[in-house]
Amino acid sequence: MRTHYLAICLGLTGCLAALALPLVAQERSKLASVPILMRQREVDPASKLALLKESIPAAKAYTSEPEKLTDRIRISGSTWRLDVFGDGSGAEFADADAFERAHSSGVQPSQAMSNEALEASGRAFVERTLSRLIVLQQDEQLVLAATSRRTEGGVAPGGERAYSAVVAHRVVFSREINGIPVVGAGSKVTVTFLNDGSVESFRYDWPVYARTGRMQAMAAPIEVLHRLQRANGVRTTAAVDRALGALPNLESIAGPIKLGPTVELQDMKCGYYDPGFAIRDPAAPIQAGCYYHLLQRRGEGQYATTAGYSGAVPAAASFEPDARWPEANVLRGVKTNEPKGRQAGSSKNVQPVPPRPGAQGQ
Amino acid sequence: MKPGRLRTRFTLVPTLVAAALIGASNVDAGAPHARMEVGIRCQQEYQNNWQLDVGNSDVWRRCSNFNSQIGQTDNVRFYFNLHGAKAPLEKTSDGCGQGCGGADSVDFLYMNMHGGANSSSAFFDMWDQDSRAFTSNMRLGDDSRQLMVLATFGCSSLLLSDGNTNIINRWQPPFSGGLVLTAGGHGTLFSGNDQSATEFASRMQDGEPIGQAWLESTWYADNSNTPTFMNTGRDANDCFNRSKVSLPSLFATPILRDSAIGYFCWASWN
Numbered sequence: 190m191r192t193h194y195l196a197i198c199l200g201l202t203g204c205l206a207a208l209a210l211p212l213v214a215q216e217r218s219k220l221a222s223v224p225i226l227m228r229q230r231e232v233d234p235a236s237k238l239a240l241l242k243e244s245i246p247a248a249k250a251y252t253s254e255p256e257k258l259t260d261r262i263r264i265s266g267s268t269w270r271l272d273v274f275g276d277g278s279g280a281e282f283a284d285a286d287a288f289e290r291a292h293s294s295g296v297q298p299s300q301a302m303s304n305e306a307l308e309a310s311g312r313a314f315v316e317r318t319l320s321r322l323i324v325l326q327q328d329e330q331l332v333l334a335a336t337s338r339r340t341e342g343g344v345a346p347g348g349e350r351a352y353s354a355v356v357a358h359r360v361v362f363s364r365e366i367n368g369i370p371v372v373g374a375g376s377k378v379t380v381t382f383l384n385d386g387s388v389e390s391f392r393y394d395w396p397v398y399a400r401t402g403r404m405q406a407m408a409a410p411i412e413v414l415h416r417l418q419r420a421n422g423v424r425t426t427a428a429v430d431r432a433l434g435a436l437p438n439l440e441s442i443a444g445p446i447k448l449g450p451t452v453e454l455q456d457m458k459c460g461y462y463d464p465g466f467a468i469r470d471p472a473a474p475i476q477a478g479c480y481y482h483l484l485q486r487r488g489e490g491q492y493a494t495t496a497g498y499s500g501a502v503p504a505a506a507s508f509e510p511d512a513r514w515p516e517a518n519v520l521r522g523v524k525t526n527e528p529k530g531r532q533a534g535s536s537k538n539v540q541p542v543p544p545r546p547g548a549q550g551q
Numbered sequence: 003m004k005p006g007r008l009r010t011r012f013t014l015v016p017t018l019v020a021a022a023l024i025g026a027s028n029v030d031a032g033a034p035h036a037r038m039e040v041g042i043r044c045q046q047e048y049q050n051n052w053q054l055d056v057g058n059s060d061v062w063r064r065c066s067n068f069n070s071q072i073g074q075t076d077n078v079r080f081y082f083n084l085h086g087a088k089a090p091l092e093k094t095s096d097g098c099g100q101g102c103g104g105a106d107s108v109d110f111l112y113m114n115m116h117g118g119a120n121s122s123s124a125f126f127d128m129w130d131q132d133s134r135a136f137t138s139n140m141r142l143g144d145d146s147r148q149l150m151v152l153a154t155f156g157c158s159s160l161l162l163s164d165g166n167t168n169i170i171n172r173w174q175p176p177f178s179g180g181l182v183l184t185a186g187g188h189g190t191l192f193s194g195n196d197q198s199a200t201e202f203a204s205r206m207q208d209g210e211p212i213g214q215a216w217l218e219s220t221w222y223a224d225n226s227n228t229p230t231f232m233n234t235g236r237d238a239n240d241c242f243n244r245s246k247v248s249l250p251s252l253f254a255t256p257i258l259r260d261s262a263i264g265y266f267c268w269a270s271w272n
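Note that the protein sequences, when read in sequence, are chains Z and G. Numbered by the working numbering, the letters in the first sequence go through residues 190 to 551 in order. Numbered by the working numbering, the letters in the second sequence go through residues 3 to 272 in order.
Just chain G, with the same shape it has in the complex:
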């Protein structure tokens, strides 16, 4: 193994397989991984001020930072705002392609906007007044490029405090399409330190598990952040093993859809 790479034992074999099959990308600090198709969708201000502008261009800076860093190793196919984005994020139109910013048109989708959760769905606020994309209307990973990772810097989308039934209500629909992992917050994620996006991408490029990279970069940006990630498995053991998925092992991760999903698992910093 080339010196200077942090790589978990879990990721080593798929790394070599993927690199050999597809051709590796690299960056000065990067563990080799096959290039992903990446999409970015973010929103700072909202139509008629129906939602809050967190100010200081925080959202645009965070998303630009992610764009700059992940773009060193992967193909960023779009960096779009969230004007009219409900349909391209929900199952009605998530396979609409990269030109319209469809969630399923990339391997990895990064978003930053306001979010929330109720007993039946997590939701992400669109630019359009009163428009929200609901996880209960999503089925991610079954169309087009088949999305594998959804990372959302927005509050409470991975709320954990209201019981397992509600957690399943909110996240079974998007995972049923084959989504491998989602990252978000079980409570507030604070605007302010937009370097968290650079560090998130950089840690993933180092071969760190995607979930761990999210937890570390988001928590270190502000110790009051509540980063969380969730994934699925055939059973509990498989779920916690799959929670270590990294960019080098991503494409070798078996896709689980519908009844193949036997367990949901998550990890978070409080």
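Next comes chain Z alone, as it looks inside the complex:
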């Protein structure tokens, strides 16, 4: 299983864990192609909602019909909300009572929950509350993807009464299929805990994947990096090209690398790319892709700015169309137009600014 991951894990942070494992060169070439998957359409969001309701104490007593909204169904109480999105493969629970308590339960960073404790709490919650929704097939694994902390701070205008505290912790799990990770927002479970261990929110996007029967051959790692440059309009240089070309393989990269004179690839993780229910085309296949973060700097000194780019580039030598995948569209030469902001003063129908209701200064 791990061999498959290495074969398409084209480098950088996503591969660091894998680097510690034994690897022989001929194993890497075994996976020259991967299956193309489809998100299997769920048929009954209401039944998913019912399963969730039974597992959440605050929602258990709710008896009314769910509210049908544009892209979701919802049940809610005065201080909580439970949404099941789209076809039922995603959901979100938010507890406003817990959010209210977060500030008062803040702790110093040194006293905050460790990542190990956070992962253990997250896994226990998924097992206890979401086990009928987060179903793993025989060849799938739930793996830790990320952790994050919500912090609060404050200070008086003169610099007195400075305050800083950690108020919440977030853990994200993802899925590996036959050792190949799913990258992007799809196949993710996120749980947010307060310091006292109570759950403030959870959210998941956990579709069932099915094989299409089609396979796709993988692109060479250097081709993926060149695609990344093209998709983001990065002007490379001969020196950068030489450096990239000299890489023995991308797994050898242990930190950010230059893609251009002022452009750094911060990280890239490759696998099956699923952008998640909010932005994906439901009819599009799940293909090999590499999710990246890229920084481009402009200017120097006190006015230097950094532009951050994230997204995914196709990792297959030949990839199928996906109208909602911007990088794939750019690489295929598909142009899109969006309504741009107009020039101020261009409107002929300008109304006077109405006074704000109850506006009072103090």
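Keep in mind the hints are simulated off the structure, nothing from the lab. A few of these clues could be false.
Unchecked claim - With a Cα cut of at most 35 Å, we get these calculated DSBU-like pairs of lysine-lysine: (1) G/Lys-88 <-> Z/Lys-529; (2) G/Lys-88 <-> Z/Lys-447; (3) Z/Lys-524 <-> G/Lys-88; (4) G/Lys-93 <-> Z/Lys-529; (5) Z/Lys-529 <-> Z/Lys-447; (6) Z/Lys-257 <-> Z/Lys-242; (7) Z/Lys-257 <-> Z/Lys-529; (8) Z/Lys-524 <-> Z/Lys-447.
To be verified - Distance ranges between label pairs, derived from CB positions: (9) G/Ser-163 <-> Z/Glu-289: 21 to 29 Å; (10) G/Ala-262 <-> Z/Gly-490: 30 to 38 Å; (11) Z/Thr-451 <-> G/Gly-165: 23 to 31 Å; (12) Z/Gln-540 <-> G/Arg-236: 32 to 40 Å.
Said to hold, decoys possible - Take a look, some chain Z residues computed to stay more than 10 Å from chain G by CB distance: (13) Ser-244; (14) Ala-283; (15) Gly-444; (16) Gly-497; (17) Val-519.
Beta carbons: idealized from backbone N, C-alpha and C, even for Gly.
Let chain Z serve as the given structure and place chain G on it in line with the hints.
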């Protein structure tokens, strides 16, 4: 209370008051709130390429998404680019009206462009070559409609890592005019998932606190994003209470200007 609304206890009373006084707007998933005047100012590409175009029409898509979603419950008075926008965003001309995209001509201003920060000011890059709007030149919330919320999808405008003195240097001037809350990033906000703008608006329409809606929508769009929001209060307790301001409670939130501001507070995901 109507079933199917998430509403914090903090927001309930002002919601009912505002709805009764002004007339409520609604959308299929919305907690009722009085209609805001909303402005949007964004910039994808820059004069003579002096700043980077992040590509894929990401900025225009994000701003269009915000426009479409917030427009279901509120009055979007302008969606302008940032050509010549320095003066209408700074105190020299922020009350110039909705036709010129003045910051103080709306209740809620959403922007997407490049941004940054130094020790004395946060700044937002304009289309015009080498032109930047500086927070140190802003006094928001004291003219015209009196801006209450400034949300900027741009990097590092709410930088937190260089000490409280610099944070105050950067943000005391705009808040001194009465601005209630600003949202941005303490580090990089990545282009790519433009649905964050739809989700931001949608969460606010659900009655979620504005700051929380920003943190959640921006972080879920990319877990490497660094969303942050900041607001003021008379003291620390008041500040953290006011950090839960939502659209239903916005117009009932007391305005604090100049010496009435006793505390700045913020929250962020790392």
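Now the hints, each set against the structure:
Using a Cα cut-off of 35 Å, the hinted pair G/Lys-88 and Z/Lys-529 holds, with the two alpha carbons roughly 19 Å apart. The hinted pair formed by G/Lys-88 and Z/Lys-447 meets the criterion: a straight-line CA distance of about 34 Å does not exceed 35 Å. Between Z/Lys-524 and G/Lys-88, the direct Cα distance comes to roughly 31 Å. Compliance with the 35 Å bound is thereby established for this hinted pair. Between G/Lys-93 and Z/Lys-529 the alpha-carbon distance is near 26 Å, which keeps this suggested pair within the 35 Å criterion.
Distance check on the hinted pair: Z/Lys-529 and Z/Lys-447 sit about 32 Å apart at the alpha-carbon level, within 35 Å; holds. Simply put, Z/Lys-257 and Z/Lys-242 have alpha-carbon atoms about 16 Å apart, close enough for the 35 Å limit, and the pair holds. For a cut-off of 35 Å, the pair hint linking Z/Lys-257 to Z/Lys-529 stands: about 32 Å separates their Cα positions. Distance restraint check for Z/Lys-524 and Z/Lys-447: the Cα-Cα separation of roughly 28 Å lies within the 35 Å cut-off, and the hinted pair is therefore satisfied.
For the pair G/Ser-163 and Z/Glu-289, the supplied restraint of 21 to 29 Å holds, since their beta-carbon distance comes to about 28 Å. A C-beta distance of roughly 36 Å is found between G/Ala-262 and Z/Gly-490, which places it inside the suggested range of 30 to 38 Å. In this structure the supplied range 23 to 31 Å holds for Z/Thr-451 paired with G/Gly-165, their Cβ-Cβ distance being about 27 Å. Taking 32 to 40 Å as the suggested C-beta distance range, the pair Z/Gln-540 and G/Arg-236 conforms, at roughly 35 Å.
Every CB of chain G is more than 10 Å from the CB of Z/Ser-244 (nearest about 19 Å), matching its label as outside the interface. Non-interface status of Z/Ala-283 relative to chain G is broken: a Cβ of that chain comes within 10 Å, the nearest being about 7 Å off. No Cβ of chain G comes within 10 Å of the Cβ of Z/Gly-444; the nearest lies about 15 Å off, and the non-interface call holds. Distance to chain G contradicts Z/Gly-497 as a non-interface residue, since its nearest Cβ pair spans about 4 Å, not more than 10 Å.
Separation of Z/Val-519 from chain G is inadequate, the least Cβ-Cβ distance of about 7 Å not exceeding the 10 Å criterion.
Comparing the model with each numbered hint stated earlier shows that hints 14, 16, 17 do not hold.
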